Amino acid sequence: MIVYILKRLAIAIPTLLVLIIASFLLMHTAPGGPFTSERAVPPEVLANLNAKYGLDQPLWKQIATYLWNVVAHFDFGPSFSYKDRSVNDIIAQGFPVTLTYGFLSFIAAVLVGVTLGVTAAIKRNSWLDYLAVGISIGAQVLPNFVMAPILVLIFTLSLHWLPGGGWSFDDPRFWIMPVIALSTSYMASIARITRSSMLETLSSNHIRTARAKGLPKRKIIMRHALKPALLPVISYLGPAFVSMITGSVIVDVYFTTGGIGKSFVDSALNRDYAVMMGITILLGTLTILFNLVVDIVYGWIDPKIRY
Amino acid sequence: MVIDESKMTSLAEATSREDVAGRSLWADARRRFFNNKAAIFGLGLLAFVVAFALFGNLLAAWNNSDIDYNVMGDATASAPSFANGHYFGADDLGRDLFARTVQGTQISLLVGVIGTLIAVSVGTVYGAISGYFGGRVDGFMMRLVDILLAIPYMFVLILLLVMYGRSIGMLFVGVGLISWLEMARIVRGQTLTLKNRDYVEAARAIGVPAPTIIRRHILPNLVGVVVVFATLLVPLMILTESFISFLGLGVQEPQTSLGALISEGAGTMSYGTLWQLAFPLFFFVTTLFGFYFVGDGLRDALDPKER
Numbered sequence: 001m002i003v004y005i006l007k008r009l010a011i012a013i014p015t016l017l018v019l020i021i022a023s024f025l026l027m028h029t030a031p032g033g034p035f036t037s038e039r040a041v042p043p044e045v046l047a048n049l050n051a052k053y054g055l056d057q058p059l060w061k062q063i064a065t066y067l068w069n070v071v072a073h074f075d076f077g078p079s080f081s082y083k084d085r086s087v088n089d090i091i092a093q094g095f096p097v098t099l100t101y102g103f104l105s106f107i108a109a110v111l112v113g114v115t116l117g118v119t120a121a122i123k124r125n126s127w128l129d130y131l132a133v134g135i136s137i138g139a140q141v142l143p144n145f146v147m148a149p150i151l152v153l154i155f156t157l158s159l160h161w162l163p164g165g166g167w168s169f170d171d172p173r174f175w176i177m178p179v180i181a182l183s184t185s186y187m188a189s190i191a192r193i194t195r196s197s198m199l200e201t202l203s204s205n206h207i208r209t210a211r212a213k214g215l216p217k218r219k220i221i222m223r224h225a226l227k228p229a230l231l232p233v234i235s236y237l238g239p240a241f242v243s244m245i246t247g248s249v250i251v252d253v254y255f256t257t258g259g260i261g262k263s264f265v266d267s268a269l270n271r272d273y274a275v276m277m278g279i280t281i282l283l284g285t286l287t288i289l290f291n292l293v294v295d296i297v298y299g300w301i302d303p304k305i306r307y
Numbered sequence: 001m002v003i004d005e006s007k008m009t010s011l012a013e014a015t016s017r018e019d020v021a022g023r024s025l026w027a028d029a030r031r032r033f034f035n036n037k038a039a040i041f042g043l044g045l046l047a048f049v050v051a052f053a054l055f056g057n058l059l060a061a062w063n064n065s066d067i068d069y070n071v072m073g074d075a076t077a078s079a080p081s082f083a084n085g086h087y088f089g090a091d092d093l094g095r096d097l098f099a100r101t102v103q104g105t106q107i108s109l110l111v112g113v114i115g116t117l118i119a120v121s122v123g124t125v126y127g128a129i130s131g132y133f134g135g136r137v138d139g140f141m142m143r144l145v146d147i148l149l150a151i152p153y154m155f156v157l158i159l160l161l162v163m164y165g166r167s168i169g170m171l172f173v174g175v176g177l178i179s180w181l182e183m184a185r186i187v188r189g190q191t192l193t194l195k196n197r198d199y200v201e202a203a204r205a206i207g208v209p210a211p212t213i214i215r216r217h218i219l220p221n222l223v224g225v226v227v228v229f230a231t232l233l234v235p236l237m238i239l240t241e242s243f244i245s246f247l248g249l250g251v252q253e254p255q256t257s258l259g260a261l262i263s264e265g266a267g268t269m270s271y272g273t274l275w276q277l278a279f280p281l282f283f284f285v286t287t288l289f290g291f292y293f294v295g296d297g298l299r300d301a302l303d304p305k306e307r
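Chains as they are written, first to last, in our numbering: chain A, 1 to 307; chain B, 1 to 307.
It is worth saying that the hints were derived from the structure and are not from the lab. Heads up, some of the hints might be wrong.
In silico EDC-like links for lysine to aspartate or glutamate, alpha-carbon gap of 16 Å or less [said to hold, decoys possible]:
{"id": "1", "chain 1": "B", "residue 1": "K195", "chain 2": "B", "residue 2": "D138"}
{"id": "2", "chain 1": "B", "residue 1": "K195", "chain 2": "B", "residue 2": "E13"}
{"id": "3", "chain 1": "B", "residue 1": "K7", "chain 2": "B", "residue 2": "E253"}
{"id": "4", "chain 1": "A", "residue 1": "K7", "chain 2": "B", "residue 2": "E13"}
{"id": "5", "chain 1": "B", "residue 1": "K37", "chain 2": "B", "residue 2": "D296"}
{"id": "6", "chain 1": "B", "residue 1": "K7", "chain 2": "A", "residue 2": "E200"}
Covered stretches of chain B (in silico footprint by chain A; criterion: 3 or more residues with CB under 8 Å from a CB of chain A, positions within the stretch not fixed) [claimed, not checked]:
{"id": "7", "stretch": "78-86"}
{"id": "8", "stretch": "137-148"}
{"id": "9", "stretch": "154-160"}
{"id": "10", "stretch": "244-251"}
{"id": "11", "stretch": "275-284"}
{"id": "12", "stretch": "288-297"}
Since the model is a prediction, treat every value here as computed from it, not as a measurement. For each residue, glycine too, the CB sits at the ideal point set by N, CA and C.
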């Protein structure tokens with residue numbers, strides 16, 4: 001097991017370095033510098049600015065400094081368009097919000113999705129099964145940026161139940177629509193995967209044996225069927241996490257929750273490369289760590305994985 | 001929104017099975033496809049959307065960038081009506097929504113098809129090379145794919161779009177280049193089984209060079225998997241493009257895409273101009289449904305085992 005974890009780490013760490021170096025090189029080769037503006041800046045001033053931000057150093061030294069600051073101090077440097085704010089300030093302001101509704105959405109997607117899938121598989125061809133299958137087909141064509149306006153149309157503009165945007169850590173009414181918008185399509189995918197793998201597991205030999213022994217149905221499902229049936233779901237969690245992180249940008253922009261997705265889009269429109277890189281690297285790191293955890297859980301559950 | 005890998009593997013096995021004498025795999029598949037009601041329905045939806053995109057402009061009374069000052073800024077006057085030629089109404093700037101929806105559908109379909117072509121060609125070649133040569137080359141190439149899969153590509157794509165200009169060509173290429181990874185994995189898996197076939201060994205024995213073997217004997221046998229994967233990839237490409245356009249980072253005015261139109265419609269729906277959201281949304285959902293149904297139908301037709 002230890003060797004397996006170390007092997008996974010041996011992939012994760014280079015991935016992270018590649019991500020950081022690649023986005024740095026991308027920023028370096030981009031046309032136009034951060035201080036290019038309509039007004040011509042005197043060359044002395046430009047030289048001073050470049051010296052202040054370390055842009056007069058050779059490329060390898062710039063990369064090394066950036067890498068060292070990011071890895072050792074978790075410091076992404078100053079923002080290019082907000083002179084008095086660092087990238088860290090911007091991230092610290094929005095990240096807790098994104099993390100809160102992201103975490104809730106993820107839990108909701110997994111819990112509801114698995115429950116729906118298992119129920120549909122057990123009660124095959126009942127109205128519950130058809131409902132679950134129907135939802136999962138419908139949700140395929142309702143991505144988060146379609147869900148968000150529809151939810152606002154229903155709950156804010158028609159029923160006046162929920163606020164159409166904004167964020168408060170104390171008031172859960174602000175959380176409901178972001179969580180539903182973000183989690184629905186993944187909930188549907190998880191339900192679909194759980195259903196088909198549960199059906200396959202239920203027709204396998206060890207379940208037949210358990211049934212022949214006369215074990216109660218609940219015990220068969222909880223003890224013997226659930227664990228193998230969840231394996232495909234677990235391997236789906238990695239990609240689902242990545243697209244949920246991406247989807248949080250839509251939520252932040254549409255519901256003005258003030259998360260980092262909004263900062264990312266703003267910095268993209270302002271060409272504030274430092275903020276964009278900081279957020280890309282932060283979310284990339286999260287993704288890589290999450291995949292690491294998924295791999296470890298998978299290796300722990302699936303006896304077929306060789307360490 | 002992630003293509004189920006286990007189903008694709010099963011499909012790969014089915015299409016690489018030795019043909020039994022009698023009806024060919026393709027004749028069988030065609031029969032099964034045309035017996036599948038959902039697939040035929042999907043085909044009908046696609047035909048409708050393509051016809052709308054190709055010939056819609058012949059019906060349109062307005063150009064997609066002309067402003068009708070009679071209805072501009074007037075929520076009731078810009079409602080859908082046949083009298084003034086705005087069949088789908090007008091947007092908040094007084095531009096004809098019918099012409100804009102036609103144009104948006106064109107762009108979305110184009111992005112879907114071109115992006116898929118790029119993803120499929122890069123992925124197929126990469127996967128075939130990796131699988132055919134095997135050993136260390138394979139290990140290195142697949143490790144690279146693993147690393148790239150762990151990166152939240154949407155952020156990198158937006159980074160690229162911002163840095164190198166938001167041209168439509170860049171969008172096509174970028175959307176295509178981020179999704180060849182799964183294709184490469186599946187093609188590699190099938191190449192691994194194909195390369196041990198007798199005919200490949202015979203070709204190798206008489207001294208046919210590796211590129212020719214790949215071109216003449218491996219690639220033609222990959223067609224089944226590639227076609228199904230491509231059909232399922234098109235809606236993902238359309239989703240990606242719409243996502244970026246929804247954020248206002250994609251296609252530029254006066255050109256538009258379904259994602260941009262949905263975004264505009266969602267922005268103005270609190271004024272009661274619901275048609276601005278409904279018509280683009282209808283074509284978006286119809287297109288996605290069409291591709292999903294046809295893709296699923298093709299997969300079931302080529303691999304009857306998996307239901």
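Now for the hints, and whether the structure bears them out:
no.	hint	verdict
1	B/K195 - B/D138	holds (14 Å)
2	B/K195 - B/E13	holds (13 Å)
3	B/K7 - B/E253	violated (40 Å)
4	A/K7 - B/E13	violated (29 Å)
5	B/K37 - B/D296	holds (11 Å)
6	B/K7 - A/E200	holds (13 Å)
7	78-86	violated (count 0)
8	137-148	holds (count 3)
9	154-160	holds (count 6)
10	244-251	holds (count 4)
11	275-284	holds (count 3)
12	288-297	holds (count 3)
Checked against the numbered hints given earlier, the structure breaks hints 3, 4 and 7 and satisfies all the rest.
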